[in-house]
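Trainee: Here the structure of chain X is known, so what remains is to put chain W in place on it, guided by the hints.
Those sequence lines, one after another, are chains X and W. Mapping the first sequence onto the working numbering, position 193 (from 1) lands on 447, and the numbers just tick up by one. Mapping the second sequence onto the working numbering, position 250 (from 1) lands on 504, and the numbers just tick up by one.
A portion of the hints provided could be inaccurate.
What the hints assert, rightly or not - Pairs of lysine to aspartate or glutamate, DMTMM-like flavour, derived with a Cα cap of 20 Å:
# : chain 1 : residue 1 : chain 2 : residue 2
1 : W       : Lys-321   : W       : Glu-302
2 : X       : Lys-508   : W       : Glu-399
3 : X       : Lys-508   : W       : Asp-528
Unchecked claim - Sample of chain W residues lacking proximity to chain X, with all beta carbon distances greater than 12 Å (derived):
#  : residue
4  : Ser-292
5  : Ile-307
6  : Ala-309
7  : Ser-324
8  : Pro-374
9  : Glu-399
10 : Ser-415
11 : Leu-419
12 : Arg-423
13 : Gly-430
As the list claims (entries may be wrong) - If the Cβ cut is set under 7 Å, some of the chain X residues that face chain W in the computed set are:
#  : residue
14 : Ala-309
15 : Ala-455
16 : Leu-459
17 : His-465
18 : Trp-495
19 : Phe-499
20 : Phe-536
21 : Arg-538
Note that these hints are calculated values from the structure, not bench results. A quick note: this is a predicted structure, and the numbers were derived from the prediction, not measured. By construction, the Cβ of each residue, glycine as well, lies at the ideal position given by its N, Cα and C atoms.
There are 2 protein chains.
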Amino acid sequence: MCVLKEGRVHFKQMAIIGVGLIGGSLGLVARRKRLVRSVIGYGKRRGELQRAIAAGAIDRYFLSIQKTVSDADLVVLATPVGMFEKICRSMAPYLKEGTIVTDVGSVKGEWVEKIETLLPPHVAFVGGHPIAGREKSGIESSAIELFEGHRCILTPTARTSRPALKKMRAFWEAVGATIYEMDPVEHDRVMAAVSHLPHAAAYALMETLCHPDIAHDNPVRFSAGGLRDFTRIAASSPEMWRDIFLANGGNMIKVINRYIQTLEAMKKKIAAQDGAGLTTLFSRANVIRQKAIL
Amino acid sequence: MCVLKEGRVHFKQMAIIGVGLIGGSLGLVARRKRLVRSVIGYGKRRGELQRAIAAGAIDRYFLSIQKTVSDADLVVLATPVGMFEKICRSMAPYLKEGTIVTDVGSVKGEWVEKIETLLPPHVAFVGGHPIAGREKSGIESSAIELFEGHRCILTPTARTSRPALKKMRAFWEAVGATIYEMDPVEHDRVMAAVSHLPHAAAYALMETLCHPDIAHDNPVRFSAGGLRDFTRIAASSPEMWRDIFLANGGNMIKVINRYIQTLEAMKKKIAAQDGAGLTTLFSRANVIRQKAIL
Chain X
255 MCVLKEGRVH
265 FKQMAIIGVG
275 LIGGSLGLVA
285 RRKRLVRSVI
295 GYGKRRGELQ
305 RAIAAGAIDR
315 YFLSIQKTVS
325 DADLVVLATP
335 VGMFEKICRS
345 MAPYLKEGTI
355 VTDVGSVKGE
365 WVEKIETLLP
375 PHVAFVGGHP
385 IAGREKSGIE
395 SSAIELFEGH
405 RCILTPTART
415 SRPALKKMRA
425 FWEAVGATIY
435 EMDPVEHDRV
445 MAAVSHLPHA
455 AAYALMETLC
465 HPDIAHDNPV
475 RFSAGGLRDF
485 TRIAASSPEM
495 WRDIFLANGG
505 NMIKVINRYI
515 QTLEAMKKKI
525 AAQDGAGLTT
535 LFSRANVIRQ
545 KAIL
Chain W
255 MCVLKEGRVH
265 FKQMAIIGVG
275 LIGGSLGLVA
285 RRKRLVRSVI
295 GYGKRRGELQ
305 RAIAAGAIDR
315 YFLSIQKTVS
325 DADLVVLATP
335 VGMFEKICRS
345 MAPYLKEGTI
355 VTDVGSVKGE
365 WVEKIETLLP
375 PHVAFVGGHP
385 IAGREKSGIE
395 SSAIELFEGH
405 RCILTPTART
415 SRPALKKMRA
425 FWEAVGATIY
435 EMDPVEHDRV
445 MAAVSHLPHA
455 AAYALMETLC
465 HPDIAHDNPV
475 RFSAGGLRDF
485 TRIAASSPEM
495 WRDIFLANGG
505 NMIKVINRYI
515 QTLEAMKKKI
525 AAQDGAGLTT
535 LFSRANVIRQ
545 KAIL
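If we strip away everything but chain X, and leave its shape as in the complex, we get (with noise of 0.2 Å):
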């Protein structure tokens, strides 16, 4: 079980079920800080697991479920969430009693409810999301900086055990993120604007100039600043990405419809040559960019 030494959050044996970028660097972190004794990682292929030890983001894995979380005090899901449902199913009977478990998922949701069912009693579930993230993915990118200074989003429900909550905020403010607390629907709807549908746009994106129509000869070796920044979002994971907009798939749908309309208002303003209109639409743009900057 956790306990706090010298005023510091400190778990026995951490399981991490992914090691991937967000996996991979907590694994990284937690070893480096000494607020685990020792991680065991969880993935299907033995090739990362072996790269995830060579980068010393586990101390050892498995590739048997059962034998690596019984042991566990905390285990962090940080594969795509797509996956969730069936590591819960899986991992449920060996959990031991007074083992946290938590995510590091895009989307919550739904997602926090059905886990919470999954899980036995005897199992506090705390959701989690760092705000953190590169356009490159897998252990290789794994870095101990990883989360230092961005914020950590814990998604507690009536549900959530208190003590449980408190032990991971000090776990995530130990590993150097800033905590919110935020309902995990509200959650879902917030990162629909601010995160998921920029990489909406940004793939349609890349998807538009892919279109026969336009990219017969290749138009984009003319590109500049502009075009690289939208190429640099939309090279994150397809498995995570995938995963992410079929699980807020509603709050999405929203989003994008109102980003469409948006579109469609902007072509009538250019259409009917609204210098005016379009000087207040991109004025309108450094408002919101203020506020982003933070």
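Mentor: Below, chain W without anything else, positioned relative to chain X:
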């Protein structure tokens, strides 16, 4: 008149109409690399012109277009493109024999044709578009290395003087750019896709996040890298982009339509929970990325 000194292009007097980011940087480089004997600035705001002198972008300035251009052997249009027609009309009577007029505008097609008819026959026009820029506009952001290693597209037509084109090639090469020649109409079609559409997408995204349905609790404070890249794009000069959108209206409407169709298709995949379809779409984005990162 321009002479090639020791194999290098050289102008006696360069007039820059509009000493913002691009005009100012061009003056800075041309003076530093001694591609010109002197640089005259023209603008509406005396304060900006004085700052351009302080920044080393121009030697002196006039508020009279006649005084600015009458001794120039190179005139560079560097205002927002919407002002080109008015400027060409007002300076036409004062341009001396053999002067080269060029521009740095992001839209070419119809403008080039119009400018060619507005300028007297003893003057050569060579359209130019350096693919360089920053999210910050104005003389304060000008920099000597702005064009270094970037592309500059020249857009000659059947009417373009070949000696003048050769000189402008040499000039931009001396500035540090790599030269491409492109038909003006083709230029606008390509730029609509790789430059103007990304800006439309970024502005529309910012506008969407401003919408009361979405912005009521300032979700932007929970944004991560993805949104920051967008806000950077959307922070460019509103006036410049207004003129680009209006001048390249036909192409803009086409690419925005295609973009909306792509977003609609993405939405359908989400609604249908079509994970395989989303993965294909996201993976394809990496293909275009490979082409973009040159």
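Trainee: None of the hints should be skipped; say for each whether it holds.
Mentor: Verification of the hints:
Between Lys-321(W) and Glu-302(W), the direct Cα distance comes to roughly 18 Å. Compliance with the 20 Å bound is thereby established for this hinted pair. At roughly 44 Å between alpha-carbon atoms, Lys-508(X) and Glu-399(W) are farther apart than 20 Å, so this suggested pair is violated. Pair hint Lys-508(X) plus Asp-528(W) holds up; C-alpha atoms about 17 Å apart against a cutoff of 20 Å. No Cβ of chain X comes within 12 Å of the Cβ of Ser-292(W); the nearest lies about 30 Å off, and the non-interface call holds.
At roughly 28 Å, the least C-beta separation between Ile-307(W) and chain X is larger than 12 Å, which holds for a residue marked as non-interface. Distance check on Ala-309(W): its Cβ is at least 22 Å (rounded) from any Cβ of chain X, clearing the 12 Å threshold; non-interface status holds. At roughly 31 Å, the least C-beta separation between Ser-324(W) and chain X is larger than 12 Å, which holds for a residue marked as non-interface. With a minimum CB-CB distance of about 29 Å to chain X, Pro-374(W) clears the 12 Å threshold, and the non-interface call stands.
For Glu-399(W), the shortest C-beta to C-beta distance to chain X comes to about 14 Å, beyond the 12 Å cut-off, and the non-interface label holds. Ser-415(W), annotated as away from the interface, keeps every beta carbon of chain X farther than 12 Å; the closest lies near 25 Å. For Leu-419(W), the non-interface assignment is confirmed: its Cβ lies about 19 Å from the closest Cβ of chain X, beyond the 12 Å cut-off. The non-interface label for Arg-423(W) is consistent with chain X: the shortest C-beta to C-beta separation is roughly 17 Å, beyond 12 Å.
At roughly 15 Å, the least C-beta separation between Gly-430(W) and chain X is larger than 12 Å, which holds for a residue marked as non-interface. Interface restraint check for Ala-309(X): the shortest CB-CB distance to chain W comes to about 22 Å, outside 7 Å, so the restraint is violated. With a cut of 7 Å, the hint placing Ala-455(X) at the interface with chain W holds, because the nearest CB-to-CB distance is about 5 Å. With a least beta-carbon distance of about 5 Å to chain W, the hint placing Leu-459(X) at the interface is held under the 7 Å criterion.
For His-465(X), the shortest C-beta to C-beta distance to chain W is roughly 6 Å, which falls under 7 Å, so the interface hint holds. Against a cut-off of 7 Å between C-beta atoms, the interface hint on Trp-495(X) holds, since the closest Cβ of chain W lies about 6 Å away. Interface restraint check for Phe-499(X): the shortest CB-CB distance to chain W comes to about 5 Å, inside 7 Å, so the restraint holds. The beta carbon of Phe-536(X) is positioned within 7 Å of a beta carbon in chain W (closest approach about 4 Å), and the interface hint is therefore held.
Because the smallest distance between the Cβ of Arg-538(X) and any Cβ of chain W comes to about 6 Å, under 7 Å, the interface hint for this residue holds.
Consistency note: the structure conflicts with the earlier hints numbered 2, 14.
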